[in-house]
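J.: Residue-level listing of the chains:
There are 2 protein chains.
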Amino acid sequence: MSDFALTEFQARVEKARTAMQARQLDALLFCTEAEVRYFSGFRTLFWQSPTRPWFLIVPRKGEPIAVIPRIGADLMGKTWIGDIRTWSSPHPTDDGVSLLVEALKGYSRVGLPMGDEASLRMPPRDFMALRASIGVEFVDCTPLVKSVRMIKSEAEIAILRKICAIASAAFARGPDIFHAGQPLDEAFRSFKIALLREGADDVPYLVGAAGQGGYGDVISPPSSEPLRENDVLMLDTGATLSGYFCDFDRNFAIGGAEDVAKAAYEKLWNATEAGLAAARAGIRCRDIFHAMHDVVGGGSSDIGRYGHGLGIQLTEWPSICAWDETILKSGMAITLEPSLTMANGKMMVHEENILITEDAPVLLSERAAPELPVI
Amino acid sequence: MSDFALTEFQARVEKARTAMQARQLDALLFCTEAEVRYFSGFRTLFWQSPTRPWFLIVPRKGEPIAVIPRIGADLMGKTWIGDIRTWSSPHPTDDGVSLLVEALKGYSRVGLPMGDEASLRMPPRDFMALRASIGVEFVDCTPLVKSVRMIKSEAEIAILRKICAIASAAFARGPDIFHAGQPLDEAFRSFKIALLREGADDVPYLVGAAGQGGYGDVISPPSSEPLRENDVLMLDTGATLSGYFCDFDRNFAIGGAEDVAKAAYEKLWNATEAGLAAARAGIRCRDIFHAMHDVVGGGSSDIGRYGHGLGIQLTEWPSICAWDETILKSGMAITLEPSLTMANGKMMVHEENILITEDAPVLLSERAAPELPVI
Numbered sequence: 001m002s003d004f005a006l007t008e009f010q011a012r013v014e015k016a017r018t019a020m021q022a023r024q025l026d027a028l029l030f031c032t033e034a035e036v037r038y039f040s041g042f043r044t045l046f047w048q049s050p051t052r053p054w055f056l057i058v059p060r061k062g063e064p065i066a067v068i069p070r071i072g073a074d075l076m077g078k079t080w081i082g083d084i085r086t087w088s089s090p091h092p093t094d095d096g097v098s099l100l101v102e103a104l105k106g107y108s109r110v111g112l113p114m115g116d117e118a119s120l121r122m123p124p125r126d127f128m129a130l131r132a133s134i135g136v137e138f139v140d141c142t143p144l145v146k147s148v149r150m151i152k153s154e155a156e157i158a159i160l161r162k163i164c165a166i167a168s169a170a171f172a173r174g175p176d177i178f179h180a181g182q183p184l185d186e187a188f189r190s191f192k193i194a195l196l197r198e199g200a201d202d203v204p205y206l207v208g209a210a211g212q213g214g215y216g217d218v219i220s221p222p223s224s225e226p227l228r229e230n231d232v233l234m235l236d237t238g239a240t241l242s243g244y245f246c247d248f249d250r251n252f253a254i255g256g257a258e259d260v261a262k263a264a265y266e267k268l269w270n271a272t273e274a275g276l277a278a279a280r281a282g283i284r285c286r287d288i289f290h291a292m293h294d295v296v297g298g299g300s301s302d303i304g305r306y307g308h309g310l311g312i313q314l315t316e317w318p319s320i321c322a323w324d325e326t327i328l329k330s331g332m333a334i335t336l337e338p339s340l341t342m343a344n345g346k347m348m349v350h351e352e353n354i355l356i357t358e359d360a361p362v363l364l365s366e367r368a369a370p371e372l373p374v375i
Numbered sequence: 376m377s378d379f380a381l382t383e384f385q386a387r388v389e390k391a392r393t394a395m396q397a398r399q400l401d402a403l404l405f406c407t408e409a410e411v412r413y414f415s416g417f418r419t420l421f422w423q424s425p426t427r428p429w430f431l432i433v434p435r436k437g438e439p440i441a442v443i444p445r446i447g448a449d450l451m452g453k454t455w456i457g458d459i460r461t462w463s464s465p466h467p468t469d470d471g472v473s474l475l476v477e478a479l480k481g482y483s484r485v486g487l488p489m490g491d492e493a494s495l496r497m498p499p500r501d502f503m504a505l506r507a508s509i510g511v512e513f514v515d516c517t518p519l520v521k522s523v524r525m526i527k528s529e530a531e532i533a534i535l536r537k538i539c540a541i542a543s544a545a546f547a548r549g550p551d552i553f554h555a556g557q558p559l560d561e562a563f564r565s566f567k568i569a570l571l572r573e574g575a576d577d578v579p580y581l582v583g584a585a586g587q588g589g590y591g592d593v594i595s596p597p598s599s600e601p602l603r604e605n606d607v608l609m610l611d612t613g614a615t616l617s618g619y620f621c622d623f624d625r626n627f628a629i630g631g632a633e634d635v636a637k638a639a640y641e642k643l644w645n646a647t648e649a650g651l652a653a654a655r656a657g658i659r660c661r662d663i664f665h666a667m668h669d670v671v672g673g674g675s676s677d678i679g680r681y682g683h684g685l686g687i688q689l690t691e692w693p694s695i696c697a698w699d700e701t702i703l704k705s706g707m708a709i710t711l712e713p714s715l716t717m718a719n720g721k722m723m724v725h726e727e728n729i730l731i732t733e734d735a736p737v738l739l740s741e742r743a744a745p746e747l748p749v750i
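Just so you know, the protein sequences line up as chains X and A, in that order. For the first sequence, position 228 (counting from the first letter as 1) is numbered 228 according to our numbering, and the numbering increases by one without interruption. For the second sequence, position 228 (counting from the first letter as 1) is numbered 603 according to our numbering, and the numbering increases by one without interruption.
Just to be clear, a hint being listed does not mean it is correct.
[Said to hold, decoys possible] Chain X is faced by these chain A residues, among others (derived, beta-carbon under 8 angstroms):
| no. | residue |
| --- | --- |
| 1 | Ile459 |
| 2 | Lys567 |
| 3 | Asn645 |
| 4 | Gln688 |
Please keep in mind that the hints were generated in silico from the structure rather than gathered at the bench. Just so you know, even glycine gets a beta-carbon here, dropped at the ideal spot from N, CA and C.
The following block holds chain X by itself, in its conformation from the complex (with noise of 0.2 angstroms):
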């Protein structure tokens, strides 16, 4: 009842030890979902519920401790980790605190994610009432997490793989789901169904839009507007299998379209066909970002960045953007995504999830056409 083999966690850890011994750390404290699933394999969708607070502590020397909701020791126990410590969750005056104190004694200096991305999930009171009873420093982590992280393993890879392979396979079927006259939110509700029926474990997020020449945001909830002759679709999805993101969209026209979404279409193909040519091992995420945006020229949209990592969650660092400095190494996985805006003020995007490695990268999703394809 594992995602992966007891060797991918060691592993994990072994190289968070290695950094932890550089910057000097006695021990790591994690309390968010993407952290303790990625050191310790507990994968559930009740983090959903905000009522308990669960920790992960990844010592230098010395086995993992989780400290959790005794509704979880069940599933935790199904995990690699052997000292699983419980209370009785929700409780009125000590979630997990206490057993926190007692499981950090002996530490000085333990990392917290507390930098970009991060966010600290524990009532903040708990967490100030923690700090003022044990002798801890917490140094931020952000840094060390992003560095194990960022490069995935084969066999992370190989569920990438699988789960872009699926949502490719359910926007081939685009032309058989979607048409005219049907309200978008229809539109989405059978595109997450064709998601599953491809074998998604489920459908996280799924965002998009559809308008004449383009499209106003990319982020919104399906209207339920039927779909117009000359519409141009957008589809965004990140589904997941074993709790793996893919990260992608498609755009469509419906019966056909106006030549101003055409070319915007090109540009923006094209844009990534420039990213494939600059992405590799080596070269620096702004490179990247610069050789599309060379593509896109002005018009620049206000997403922020042309795309960010892949992994277990939807997005990961780093931004593929101006002032990213990150350095691309063999086994990130990334996507790609420009966007623009449109004289009509309508705006466009594109996006790929790729496979960095030393030579030409991998493409995780199946390209898109190089023309706005018409259904």
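Following the hints, position chain A against chain X.
T.: Relative to the frame of chain X, chain A by itself:
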């Protein structure tokens, strides 16, 4: 493009302002999905990307202020919020912090959820920088938010009724969907499709289990083990409509059931009967807990409670447990979720969704059969 009329949001803010007055707070600061959506109407699945922080300020005097990444400007522009301040995010050095400092200028006491069930969805580093650069005292406003959000409006109740009816209709199709020999993950996938077909927008949460005479835990993703004759199959779903959750489960016996499973089911059904008889305005949560616990008797499970609030999160305040003193009020939506561990070490859970009134509660889920349904 809003889930509610303007008056709904005005009423929510007005309630919050009255409570702010009583607590001498100048404003509330929110960075979490549920609170930002509750007061603004801003609904998007994009929160699943951890990259960008989002903020909403609800002042005691003056209009709410959204401080958000530019990618969300268009969607926020469709809500009732007029003062929308954006920046290009992700940003390497200032991800909204200086805009927040500017927006909070002049306030001395600002409420921020820091207590039960709260989390800080922004880099803790940035929160510390914010706190250091303004003379604002941040005060825990969890009780305030709790008191406002716990009472559902007629408009919210209408959505909860619909999503519970959708899930009830999907569960009613159980006998056609589930069968011996079916891998559990296929049963899950088919049930998600059934929920979507019945009209759910999304199925963010589906957990469950199957086993002879009961099951092991209740938060696991499904294995690919086939269902066997005499298995008890339990599915617990949080499906959504317009961003509101149902949250209830159903148990099915595949082909037949062991007596121990039938007896456990009957006991839990009787426990929910006791809960239904007890639940009404003026009663404390702990009283409902005890009414159900008296029926369950020994063998209480490790779940920590027998139900919880229902709304825009999978679980909300209050908790139906021995220590929750919350007095129920008309308009609260809660779940009754007794569980038990059997002599064979297996467990069973049963859950209904109800609306609290001055009289008998209104069932939102279609009442489960009094005897374990054999399919």
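J.: Each of the hints needs a verdict: does it hold here or not?
T.: Here is what the structure says about each hint:
Interface restraint check for Ile459 (chain A): the shortest CB-CB distance to chain X comes to about 13 angstroms, outside 8 angstroms, so the restraint is violated. Evaluation of the Lys567 (chain A) hint against chain X yields a held restraint, the C-beta minimum of about 6 angstroms falling below 8 angstroms. Because the closest C-beta pair between Asn645 (chain A) and chain X is about 23 angstroms apart, greater than 8 angstroms, the hint is violated. Against a cut-off of 8 angstroms between C-beta atoms, the interface hint on Gln688 (chain A) holds, since the closest Cβ of chain X lies about 6 angstroms away.
Taken one by one, the earlier hints fail for this structure at numbers 1, 3, listed in ascending order.
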